[in-house]
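This is what each chain is made of:
Protein chains: 2
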Amino acid sequence: MIIGYYQYHPEFGATGRNLEKVEDTLVGVDADIIVLPELAFTGYFFQDREELRELAEDVSESPIVQSLSRLCKNNAFYMVAGFAERFKERLYNSAIVIGPSGLLYRYRKLHLFHTEKEYFDPGDTPLGTIEIRGARVGVMICFDWAFPEVARSLALQGADLLCHPSNLVLTYCQKTMRTRSLENSVYSVTANRTGKDARPRGELLFTGQSQIVGPKGEVVASSDSDEEAVVLRAVDLSGARNKAITENNDLFADRRPEFYDAIVKTS
Amino acid sequence: MIIGYYQYHPEFGATGRNLEKVEDTLVGVDADIIVLPELAFTGYFFQDREELRELAEDVSESPIVQSLSRLCKNNAFYMVAGFAERFKERLYNSAIVIGPSGLLYRYRKLHLFHTEKEYFDPGDTPLGTIEIRGARVGVMICFDWAFPEVARSLALQGADLLCHPSNLVLTYCQKTMRTRSLENSVYSVTANRTGKDARPRGELLFTGQSQIVGPKGEVVASSDSDEEAVVLRAVDLSGARNKAITENNDLFADRRPEFYDAIVKTS
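Chains as they are written, first to last, in the numbering used here: chain Y, 1 to 267; chain F, 1 to 267.
Since the hints were made in silico from the structure, they are not lab data. Careful: at least some of the hints might be erroneous.
[As the list claims (entries may be wrong)] Taking lysine-lysine and the DSS-like style, the derived pairs with C-alpha atoms no more than 27 angstroms apart in a straight line are: (1) K117/F <-> K265/Y; (2) K175/F <-> K216/Y; (3) K196/F <-> K216/Y; (4) K243/F <-> K243/Y; (5) K216/F <-> K117/Y; (6) K243/F <-> K117/Y; (7) K216/F <-> K216/Y; (8) K265/Y <-> K265/F; (9) K243/Y <-> K117/F; (10) K88/F <-> K216/Y; (11) K175/F <-> K175/Y; (12) K265/F <-> K243/Y; (13) K117/F <-> K265/F.
[To be verified] Sample of chain F residues facing chain Y (criterion: CB under 7 angstroms; computed from the structure): (14) K117; (15) Y119; (16) A262.
On a predicted model such as this, the values are computed, not experimentally measured, just so you know. The beta carbon of each residue, even a glycine, is placed where N, CA and C say it ideally should be.
Work out the full structure: start from the sequences and follow the hints.
Here it is as structure tokens:
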């Protein structure tokens with residue numbers, strides 16, 4: 001199975017141009033699953049909820065979803081892309097999974113970062129997985145990396161591969177995602193964006209350094225902080241299905257969930 | 001508060017000599033909490049349950065506990081030490097917390113590594129914390145590092161500091177413990193041993209590299225793979241009490257435990 005990412009600079013507010021750039025770049029690419037950054041078409045640093053609402057789309061009538069579906073069909077691959085989602089009066093920082101038959105899955109970011117809380121609604125979709133060409137795939141978005149529960153919940157539900165669209169401004173995440181892969185024995189693809197969002201309210205510089213990580217926490221491939229690149233690797237997902245780390249230890253069978261209650265306490 | 005570790009080579013089976021070495025080295029040391037390695041007095045690589053039973057002690061009548069209590073009283077510090085525990089017919093890979101007033105706390109390792117399963121019983125004590133001189137302290141042992149639920153459960157119960165007696169043969173753990181400190185915004189002290197256990201059944205080489213890590217995942221102090229050393233640092237535990245990472249984000253308040261059920265499923 002060939003997995004990877006497209007690291008690039010989405011221009012703020014230029015949804016059409018960003019979509020065109022993704023289509024032009026990915027046409028003819030030989031891959032199974034390609035991950036794009038968080039908010040891959042709108043840009044990231046919104047002024048307010050009004051501005052976001054103008055740029056967000058309802059998946060059921062989204063030109064982006066329609067275009068990506070055609071792209072996936074014509075090139076026989078699947079994509080995981082960050083997506084500004086409008087649903088009735090709500091606005092979500094979502095990721096969509098699209099394949100040759102169209103939209104397959106949608107995840108709404110559970111853990112919003114900083115100013116996202118001003119204009120996005122918190123995610124309300126469960127942490128789940130989907131199957132793509134025999135691989136079980138989990139989706140998490142950017143700041144979800146900071147919460148070990150996210151990758152863990154996806155892996156416990158069978159994820160072989162964590163697809164992780166991101167818009168990172170710091171670089172803590174990359175090292176932590178190596179731990180996420182190691183502790184869960186799964187592949188992960190963090191697709192970060194590059195470039196700046198220079199807006200009236202301020203400027204954010206995104207840090208690239210997208211990476212593909214293997215189930216031992218090893219970096220299989222990675223990019224610089226500012227290059228635009230499609231990076232793909234052939235991987236053997238059976239490595240993610242073997243949770244054994246010694247002849248007597250299995251990362252999942254050895255868990256003692258009856259001692260982990262503090263993690264789900266909601267008080 | 002002054003925290004740290006004593007990294008050394010416990011000689012297999014030489015409980016008396018190991019205890020004497022610890023006493024000789026730590027007498028007069030100015031510290032609040034000193035962490036020793038896992039199985040700090042017996043050594044690690046037992047042949048079988050019979051051999052372990054011979055060397056293990058019941059905390060209620062343990063010469064080691066009595067000696068360490070005197071050491072703590074005479075030097076006004078607290079210790080966290082790995083301890084082969086016998087309790088009725090059961091044998092645990094435990095860690096004991098001892099202070100000037102004697103034994104304060106005992107934790108029995110929940111996640112046993114490799115051959116430990118042949119001779120130790122799995123831990124049956126909950127993940128809890130204790131207060132020492134105003135600091136809330138959580139205890140975990142060696143391979144517990146691989147399970148994010150352990151550090152998380154301790155931190156959610158208020159731990160400012162994770163004390164982590166270890167007997168590591170690989171070096172994955174150190175990087176992961178930086179993630180554990182970062183994701184929970186807590187200090188951690190990993191006290192690893194050095195030297196070999198060369199036994200009839202085989203030889204294990206322990207990898208040292210003990211470390212003190214701060215709440216941003218930063219290495220505050222660390223040791224080489226084979227040096228014997230007492231390493232102490234003055235730290236400000238208030239850094240572990242501030243879980244804010246932006247003006248809008250708090251690592252704990254931002255959690256969404258209602259979405260983490262997969263983690264405590266026992267089926």
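Status of the hints after comparison with the structure:
1. Distance check on the hinted pair: K117/F and K265/Y sit about 30 angstroms apart at the alpha-carbon level, beyond 27 angstroms; violated.
2. Among the hinted pairs, K175/F with K216/Y is consistent with the structure: their alpha-carbon atoms are about 13 angstroms apart, no more than 27 angstroms.
3. Straight-line distance between C-alpha atoms of K196/F and K216/Y comes to about 26 angstroms, which keeps the hinted pair within the 27 angstroms bound.
4. For a cut-off of 27 angstroms, the pair hint linking K243/F to K243/Y is broken: about 32 angstroms separates their Cα positions.
5. Taking the CA atoms of K216/F and K117/Y, the gap is near 23 angstroms; set against the 27 angstroms cutoff, the hint holds.
6. A hinted pair counts as satisfied when its Cα atoms are at most 27 angstroms apart, and K243/F with K117/Y qualifies at roughly 17 angstroms.
7. At most 27 angstroms may separate the alpha-carbon atoms for a hinted pair to count; K216/F and K216/Y meet this at roughly 23 angstroms.
8. Under the criterion of a C-alpha separation no larger than 27 angstroms, the hint pairing K265/Y with K265/F is consistent with the structure, at around 14 angstroms.
9. With a CA separation close to 17 angstroms, the supplied pair K243/Y and K117/F stays within the 27 angstroms bound.
10. With a C-alpha separation of about 39 angstroms, the suggested pairing of K88/F with K216/Y is violated against the 27 angstroms cut-off.
11. Between K175/F and K175/Y, the direct Cα distance comes to roughly 9 angstroms. Compliance with the 27 angstroms bound is thereby established for this hinted pair.
12. Restraint check: the Cα-Cα separation between K265/F and K243/Y comes to about 18 angstroms, which is no more than 27 angstroms; the hinted pair holds.
13. Under the criterion of a C-alpha separation no larger than 27 angstroms, the hint pairing K117/F with K265/F is consistent with the structure, at around 23 angstroms.
14. Using the Cβ-Cβ criterion of 7 angstroms, the hint placing K117/F at the interface with chain Y is satisfied: the shortest such distance is roughly 5 angstroms.
15. The interface hint given for Y119/F is violated, since its Cβ lies 12 angstroms from the closest Cβ of chain Y, which is over the 7 angstroms cut-off.
16. The interface hint given for A262/F holds, since its Cβ lies 4 angstroms from the closest Cβ of chain Y, which is under the 7 angstroms cut-off.
Figure legend: structure checked against the earlier numbered hints; hints not met, in rising order: 1, 4, 10 and 15.
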